[in-house]
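Peer 1: Model the placement of chains Y, B and R on the given structure of chain S, informed by the hints.
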Amino acid sequence: MIYNIPYIAVVCLILIGLYALVYKRNLIKMIIGITLIQSGVNLFLITLGYRKGSIAPIYTSSPGGIMALPIPQALTLTSIVIGVAVLALMLSLVIHIYRHYGTLDVRKIGRLNK
Amino acid sequence: MSEMSKIVRTITSIAFPFAMIYGLYVIAHGHLTPGGGFQGGAIVASACVMILVAFGSKWTLDKIKEKRLSVFESIGAVAFIGLAFLGLIFGTVFFNNFLVGNEYLFGVIPTTGVANINTAGILPLMNFAVGLKVIAGLFAIVLVMAYATTNYKEGKK
Amino acid sequence: MSIPLPEYTPALIIAIPLLGAFLTPLISRINDKLRNIFVILVLGLNLFFVSILAYNIFTKSAQEPYIMKYVFGGSQNIDLTLPIVRILFEVDAMSIFMAIIASTLMFVAVIYSWAFMKENTGLDKYYTLMLLLTAGMLGMMLTGDLFNFFVFLEITSISSAALVAFWTHKGESVEAGFKYILISTIGALFVLFAIAILYGQYDALNIAVLANAIQYTFLDKIALVLLIVALAMKAGIVPMHMWLPDSYSRAPATVTVALVGATLASLYGVLRVIFTLYGNILLDPAKFDIPVNIFIGWLIIPLAVISIIVGVMMALRQTDFKRLIAFAAVAEIGYIFLAIGTGLAAMGTEYGRTALEGGIFHIINDALDVGLLFLVAGAIYYATKEWSLNEMGGLARNMKYTTIFFIIGLFAVAGMPPFNGFASKLLIYESTFQLNPILAIVAILCSILLLAAFVKVFHSAFMGPKLPKFKDVKEVPKSMLFAMGILACIIIFFGLFPGLVLENIVRPAVDALLSNAQYLSMVLGGA
Amino acid sequence: MSKRNLAAAASLSIIAVIFLFSALLMHSFGVPDESEMDQYVIDNTQAETGANNGVTSVVFDYRGFDTLGEATVLFTAVAGVIMIFRRRKE
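Protein chains in written order, with the working numbering: chain S, 1 to 114; chain Y, 1 to 157; chain B, 1 to 527; chain R, 1 to 90.
The set of hints was computed from the structure by calculation and includes no laboratory data.
Treat the hints with care, since some could be wrong.
If you want the footprint, here are the derived chain R segments under chain B, 3+ residues with CB under 8 Å [what the hints assert, rightly or not]: (1) 22-34; (2) 38-50; (3) 64-73; (4) 77-83.
No experiment lies behind these values; they were computed from the predicted model shown.
Every residue gets a Cβ at the ideal spot worked out from N, C-alpha and C, and that includes glycine.
Bound conformation, chain S alone (with noise of 0.2 Å):
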């Protein structure tokens, strides 16, 4: 049991990040609840590639022994990129909701929208 604590730090990262995005009103920590949540998921697959004692899977100048396995961290690889891309745009589109209404809380914009 011991040895889950690395899920447990997954688990806990996503939780907070869905914290943020419940009870925050700030359309920018909003967004960084989203980014918990994806770090977190991200964390949680390179958690699942990791065997005990291995090395990293690549064979230039390597050691020799047990690989880690390679396929969660090209998942990985895949998934930080999209996150990138996504955060770009969720932040542009802030930009814009701020100039149009000058504010960033939800309540307000939803108000304002009335």
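Peer 2: The following block gives chains Y, B and R in isolation, referenced to the frame of chain S:
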């Protein structure tokens, strides 16, 4: 973003080539060492962003327009998908690594422990295509966002 | 009887719009008109390939379920002694059924864009994003790899969020775009989390391999719930529907039509997860002590009924034309989910199958009807620059064709007899009545109320005296009429020959969903 | 605390309990239950793709189509951001 002080600008000009070379190294050796097109592209793009931060968005936008970056990105993407199509033409399957096995161009089968750059088939080429794409793409995003926020602060709206 | 096609056609279906999207920024530097022609050509070519592939697959799967496989980068003959590392495309009747819907909608939307979007700036990026959205949706539908599904899901959501915010000078559009990307990102992250859980247990990403290996442990249940919740959220089911009316009504009409396709792609994800990924458990209730299928079916049914009721009730109250249609779309999604839930709860019986047939048939009808109505709303906006129903009136005199198209869409979406909506809704009523009569009664009542909502629109926008400020309103350009005409023709065809469609297109799709054992053996059984 | 906040807190805590419970059920850290697919990649990366770097061989060869999708995501984001910040003719 406006221009920063002269000290920052000078240091940036000195550091820029090193960051650039490091990024290109990571791209070129993607099939041998940790790294690859995405990682190296991100390093080069951050070097470019460093220039943007030091010299201001207006100066940078005078040097390079986001439209041109967008074209570069398209070229990188077309090169990438073109390599995939070449796999279809030469190797009968989409995304086939058709260069593995020939002795001249990136086709050598590597041995453990030795770093031979002439290996891995189309992987190095794909690394370069993706690298170009990532450099242009990330820099374009930051450039456009920086320019947009600058204009707003000056009250133009 | 099938038309000979190269074996790499599934890859080509994704590669054509992608290559088109990468080339569009280069071509639009030459000429705007050339770019429009190029984009229409690309999507037309894509539709052509999809149709021929669909024809092949439907003819082959008329006798028995048939799956077309394509392995990326390796040998096409899968060696079963080795694990499947490479990405596979697994195209069966269900996926190609959805692909037809998506590519038809996008083709129509792009033709319509020619005149509709003419006066906007930033059109090269607009067309690029439309092509990317096509590629994303088709990728979601054709892929046989879970992580690949996630990647295409993200392409779809990013491009549609950017397109929703296309009119950046309107605060509401930007806000709707932000809402959309927030919801889709959360959904996509949950999907990724579920994929990671499955990967961690079985060390596989291929849907067929996973479906074969799944043991239905506690972690599998968590993954199932995460996948269904995330994808249903993206499909716009109540209580996670609030993003849908906003983004549907604030986006340009062409984008809304594309969004209908994107929503249905998420719905396809739900179907795939339930019937293929977890098909071993859900399709074969005898295998396990607990009847899981009934549990999940009855979990979906109340949500579906609430979606129908909320959608119809909100539609009755709207004064904004596009928002009204958007709530009607929520109700339509509710009908589809009602059919799926009924099919699950009554798995194995005759009417359970009928329910699924109705649901699958309703997917294509929903896409056509709602798409046509959004295009009509866009045409009215193009002519009058007005969204509000209170400001409109007497448009029937000046816009004859648009009025005819609106009447077709109205009757189709409300499920009136000579049109396609009737055929599928009848199947849904029939089967839900056998499960529980109250459900069927609620569904029929809501359908009538939906008709009332649209008749109200018809009355206030098209009938009545000619308003002085709309004196100079002209009929919309021919390309827009042509685009609406395509959808209207398909609707009338489907309405006149529902049996033909049901027999040749819907039945193979339902067979493909239900024949899980064949799916696994055809993917994993080599050759 | 309003009703809405309470409901949110309740659902969050339910999610927390379920997730933590499933974290305990995962295989022990560093000892994957199954690793057949990854072991295949590790064993065959040099012969099949000619790359010394296992991760790169997965990214560009075995799962190259994913990478195409990933590059497309980035392309989409760039197109979207440039479109959002386009200069309008007023």
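Peer 1: Each of the hints needs a verdict: does it hold here or not?
Peer 2: Do the hints match the structure? See the list:
Given as covered by chain B, the region 22-34 of chain R passes the check, having 7 residues with a CB less than 8 Å from a CB of that chain where 3 are the minimum. Requiring three or more residues with a Cβ within less than 8 Å of a Cβ of chain B, the coverage given for the region 38-50 of chain R holds, as 3 such residues are present. Evaluation of the coverage hint for the region 64-73 of chain R: fulfilled, as 8 residues show C-beta separations to chain B shorter than 8 Å, against a requirement of three. Counting residues of the region 77-83 of chain R whose C-beta lies closer than 8 Å to any C-beta of chain B gives 6; at least three are required, and the coverage claim holds.
Hint check: no violations occur; every hint is consistent with the structure.
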